[in-house]
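With these hints in hand, go ahead and build the complete structure from the sequences.
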Amino acid sequence: MSLPSNIKQNLMPSEISFMTENEYIQILPRYSMKSIQLIGTKIPNLRALRREKVPLWVALILKSQGKCNIVIPDWLNLIYLKARYDEEVKFPMKFSDLPFNWIDLSKILLSKAPDDLPDPVHQLRSIIQDLREIRQVKTRKGLKEVNESNIGLSGLSLLEINELRPFMLSVMNKLREIHESVRHDDYDDEEVIDVDDDED
Amino acid sequence: MFGDQANKLVLDAHRTSNLPEITLYQSDLVDDIVKETNDLGRDVDYITEQQRTNPEGTSAEQIVALECQLFVARLSMRRNKRCLLAHQKLRADKMNEFAWLNIDPSDSNSTPQPSLTKTGALGSNYTTRMILDNLSNQEQEYFKQYSQLLVDMKSKYVDIDLSGDLEPPTSIFIDVRVLKDGGEVQTEYGVFNLIKDSQFYVRKSDVERLIQQGYLEEL
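For the record, the sequence lines run as chains U and S.
So the first sequence is numbered by full-length UniProt numbering: it starts at 1 and just counts up by one.
So the second sequence is numbered by full-length UniProt numbering: it starts at 1 and just counts up by one.
Mixed in with the good hints, there may be bad ones.
[Claimed, not checked] The list that follows gives simulated cross-link-like pairs (lysine-lysine, DSBU-like), each with its CA atoms no further than 30 angstroms apart:
#1 LYS82(U) / LYS144(U)
#2 LYS204(S) / LYS107(U)
#3 LYS204(S) / LYS63(U)
#4 LYS89(S) / LYS8(U)
#5 LYS8(S) / LYS8(U)
#6 LYS81(S) / LYS8(U)
Derived by calculation from the structure, the hints in this document are not laboratory data.
All values reported here derive from a predicted model rather than from experimental measurement.
Now the structure itself:
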């Protein structure tokens, strides 16, 4: 078919980071530039040292040419992430509140704009790794609760959902199939019992 | 027993489904299955004939026996049909996948091109190699017509390369290395001289097709 079978049901990591690159982010331009009307979006008039919101992919191009600084989102610093980590430890049953694309966004910013970050890169990297690991442990624990009808994933990010998806879909589908056959029998039994009751 | 041959075919198809190429068409096995099905069909004809010609001459027991025979023969035929269709559908899907890949199929006598086994994000069980001689006549015809359909559809949307790379774009210009000699290649935007192991810094959209064909490697 037009799509290879292994990406029919799931997103590739590169597709997820592509989606992340469409998010808007604040930049601090170093040069003035006239606005550009693109097909999908518009880059506003850029004036030096005046904050503007542009799509991340534009910001990355400008950054690679040394024409802007990226304003780091307020969740990407050691204090905030530490607090989230403590929260994760404190509440083992829920995921702390992080942006939907925190993994990709932090990965992109750490690699492409390391000089704009407020804290040393290696410390941020390690706290992000810690967060990712503790959340992975939680998802593993959550796997015990899998049933055939519903699942709560509130607080999980896109990448985390994506790596869970192929496994979850197949398992839940199988469980549903098994469950349906069982429920059918239940109904039959009830009918039989009802009939018996009537006869009595 | 009936259906054993068909089972063999399905096992073969199962093995093929994880390979990056299309294997030889098992015409002998398919012929055997068709022959078996024809025999079963003749049985069915015979039984119905018997039922029709002397309805009174048979006892109730015999009637039941005949009907059981009929039923089992029918089931065996349906099972054969199902196995044949499953096998054929798998091959058709693989051919479609290959047609979308934009690579020319190779003949068995030409040297295999190792660079065509593309791995990476698309995974390994993606059909990347097809030898025309491995297909049956009907399959070759099907492949030709499917490719034609694809060309028709692509010509409707000229602005978009529908069979292009599925990876999202990351940068406009890329470094490429030439993997094998290709002589002078004319692209829409200029002429390349493809000498093995030379390196270019080019626009990605210019060379996407050459990367797909295995002449270039993205760095």
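Cross-check of the supplied hints:
A distance of roughly 28 angstroms separates the Cα atoms of LYS82(U) and LYS144(U); the hinted pair therefore holds under the 30 angstroms criterion. Taking the CA atoms of LYS204(S) and LYS107(U), the gap is near 24 angstroms; set against the 30 angstroms cutoff, the hint holds. For the proposed pair LYS204(S) and LYS63(U), the alpha carbon gap of about 20 angstroms is at most 30 angstroms, so the pair holds. Straight-line distance between C-alpha atoms of LYS89(S) and LYS8(U) comes to about 18 angstroms, which keeps the hinted pair within the 30 angstroms bound.
Taking the CA atoms of LYS8(S) and LYS8(U), the gap is about 29 angstroms. The hint holds against a cut of 30 angstroms. Restraint check for LYS81(S) and LYS8(U): the C-alpha separation of about 28 angstroms stays at or below 30 angstroms, so the hint holds.
Violated hints for the displayed structure: none, as all numbered hints are satisfied.
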